[in-house]
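Produce the entire structure from the sequences given, and follow the hints as far as they go.
Chain order of the listed sequences is A and B.
Residues 1 to 217 (the working numbering) make up the first sequence, in order.
Residues 1 to 217 (the working numbering) make up the second sequence, in order.
Treat each hint with caution, since some may be false.
Note that the list lumps identical chains together, so a pair holds whenever it fits in one copy or between two copies.
Derived DSSO-like pairs: lysine-lysine, alpha-carbon spacing no greater than 27 Å straight-line [what the hints assert, rightly or not]:
no.	residue 1	residue 2
1	K103	K193
2	K200	K177
3	K19	K177
4	K59	K177
5	K136	K193
Since the hints were derived computationally from the structure, they do not count as laboratory data.
Values in this document were obtained by computation on a predicted structure and should not be read as measured data.
2 protein chains.
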Amino acid sequence: MSAKTLTIKEDILGANREKAEINRKLLDGHHIVMINVMSSSGSGKTSLIIQTINRLRDKYRIAVIEGAIASCIDADKITQENIPVVQINTAGGCHLDAQMIKKALDTLALGRIDLIFIENVGNLVCTADFDLGAHKNVVVLSIPEGDDKPYKYPVMFVEADVVLVNKIDVLRHFDFKLDAFPGIISGMNPSAKVFPVSAKTGEGLDRWFSWIEEAST
Amino acid sequence: MSAKTLTIKEDILGANREKAEINRKLLDGHHIVMINVMSSSGSGKTSLIIQTINRLRDKYRIAVIEGAIASCIDADKITQENIPVVQINTAGGCHLDAQMIKKALDTLALGRIDLIFIENVGNLVCTADFDLGAHKNVVVLSIPEGDDKPYKYPVMFVEADVVLVNKIDVLRHFDFKLDAFPGIISGMNPSAKVFPVSAKTGEGLDRWFSWIEEAST
Numbered sequence: 001m002s003a004k005t006l007t008i009k010e011d012i013l014g015a016n017r018e019k020a021e022i023n024r025k026l027l028d029g030h031h032i033v034m035i036n037v038m039s040s041s042g043s044g045k046t047s048l049i050i051q052t053i054n055r056l057r058d059k060y061r062i063a064v065i066e067g068a069i070a071s072c073i074d075a076d077k078i079t080q081e082n083i084p085v086v087q088i089n090t091a092g093g094c095h096l097d098a099q100m101i102k103k104a105l106d107t108l109a110l111g112r113i114d115l116i117f118i119e120n121v122g123n124l125v126c127t128a129d130f131d132l133g134a135h136k137n138v139v140v141l142s143i144p145e146g147d148d149k150p151y152k153y154p155v156m157f158v159e160a161d162v163v164l165v166n167k168i169d170v171l172r173h174f175d176f177k178l179d180a181f182p183g184i185i186s187g188m189n190p191s192a193k194v195f196p197v198s199a200k201t202g203e204g205l206d207r208w209f210s211w212i213e214e215a216s217t
Numbered sequence: 001m002s003a004k005t006l007t008i009k010e011d012i013l014g015a016n017r018e019k020a021e022i023n024r025k026l027l028d029g030h031h032i033v034m035i036n037v038m039s040s041s042g043s044g045k046t047s048l049i050i051q052t053i054n055r056l057r058d059k060y061r062i063a064v065i066e067g068a069i070a071s072c073i074d075a076d077k078i079t080q081e082n083i084p085v086v087q088i089n090t091a092g093g094c095h096l097d098a099q100m101i102k103k104a105l106d107t108l109a110l111g112r113i114d115l116i117f118i119e120n121v122g123n124l125v126c127t128a129d130f131d132l133g134a135h136k137n138v139v140v141l142s143i144p145e146g147d148d149k150p151y152k153y154p155v156m157f158v159e160a161d162v163v164l165v166n167k168i169d170v171l172r173h174f175d176f177k178l179d180a181f182p183g184i185i186s187g188m189n190p191s192a193k194v195f196p197v198s199a200k201t202g203e204g205l206d207r208w209f210s211w212i213e214e215a216s217t
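Written out as structure tokens, the structure reads:
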């Protein structure tokens with residue numbers, strides 16, 4: 001069965017890639033930078049995006065595309081920030097794809113946006129395979145998940161532009177070797193940046209904000 | 001594209017279910033109970049299984065089937081316990097299926113086993129859809145992931161026989177309302193048991209061990 005599944009998957013991925021390129025061209029035409037934020041469930045994507053909106057909203061016109069399987073909990077939180085939010089409910093689907101993003105983009109006033117964050121479905125596996133048309137891919141890994149995750153779920157880490165190591169405020173309670181972690185990432189993805197941060201306390205977020213500003217110029 | 005994907009998925013799931021029934025009958029013929037342990041990445045599945053082996057190994061002959069996408073880190077840990085371990089490397093696949101489990105069962109001396117734990121791929125979404133032929137399904141949710149996860153990833157929680165809330169040793173550092181949590185689960189799945197535990201300190205594990213003993217009789 002695995003060979004059959006693979007064939008289907010390759011067909012889907014090829015079609016998805018073409019649609020992703022269309023999305024990227026659409027965004028480029030409007031000088032919009034789109035950043036795809038991925039992680040396992042509970043790593044703190046929503047909190048990080050809210051912190052980032054608060055810090056950068058005076059400089060950029062920001063919108064968020066929220067992927068969720070079933071609820072609108074995260075979209076509701078971000079809507080409180082009074083920026084454009086599009087919720088995509090995948091109805092059980094384990095990832096977003098380029099076509100879903102296209103539909104979301106069609107609902108946004110692209111002429112009045114500089115920066116779009118996609119909060120992908122919480123899943124370290126399936127989300128990594130689907131190019132959404134974003135310009136940058138960010139992986140969030142939180143301290144309680146453990147420092148062995150890049151070995152166990154490599155695809156996402158190999159393709160990331162940035163790895164945000166979140167929840168460093170609780171580092172002392174977990175066996176996560178933060179000093180050695182950038183070496184693990186650079187071994188599999190030399191160009192990726194690693195930023196240890198805490199969305200809760202704000203620690204370390206300045207480097208992440210600076211990186212977004214560089215990515216947006 | 002979502003409709004097309006759904007059709008493929010339904011075909012795959014139907015074929016999988018038939019194979020799962022074959023697995024279950026095979027196990028029943030040998031009076032073996034198989035327990036499928038699922039969670040997001042980093043929730044502590046491996047640690048919980050190792051604690052369980054150590055506690056129950058004098059009473060039951062235990063084997064483990066280890067699902068992983070890329071590495072053998074978890075299988076290596078469990079192999080140190082000197083019990084039969086079969087590693088299934090999904091080569092990027094986001095879940096185990098019944099056919100993979102059948103191949104794993106074929107390598108085990110079933111006449112000399114009472115209890116099999118499956119450690120599924122770390123993924124709160126895709127693993128929930130695939131009946132593996134197990135007799136019981138267990139979901140591990142750890143405190144740092146947050147108490148909203150049953151709303152956001154409902155399928156797995158609706159079908160679980162047990163929800164293990166792991167890492168209660170760090171409860172005070174996170175905003176997880178543990179007192180209210182069993183009510184959330186019983187609202188969506190009245191027959192599920194909820195056991196707050198710490199694989200690290202051993203707290204709460206006695207109820208989990210007792211539940212396995214009941215499930216095995």
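Hint-by-hint comparison with the structure:
1. K103 <-> K193: Neither: 31 Å inside a chain and 40 Å across chains, both beyond 27 Å.
2. K200 <-> K177: both (20 Å within a copy, 17 Å between copies)
3. K19 <-> K177: For K19 and K177, neither the intra-copy (39 Å) nor the inter-copy (42 Å) Cα distance is at most 27 Å.
4. K59 <-> K177: Close neither inside one copy (35 Å) nor across copies (37 Å); limit 27 Å.
5. K136 <-> K193: Intra 12 Å, inter 42 Å, cutoff 27 Å: intra-copy only.
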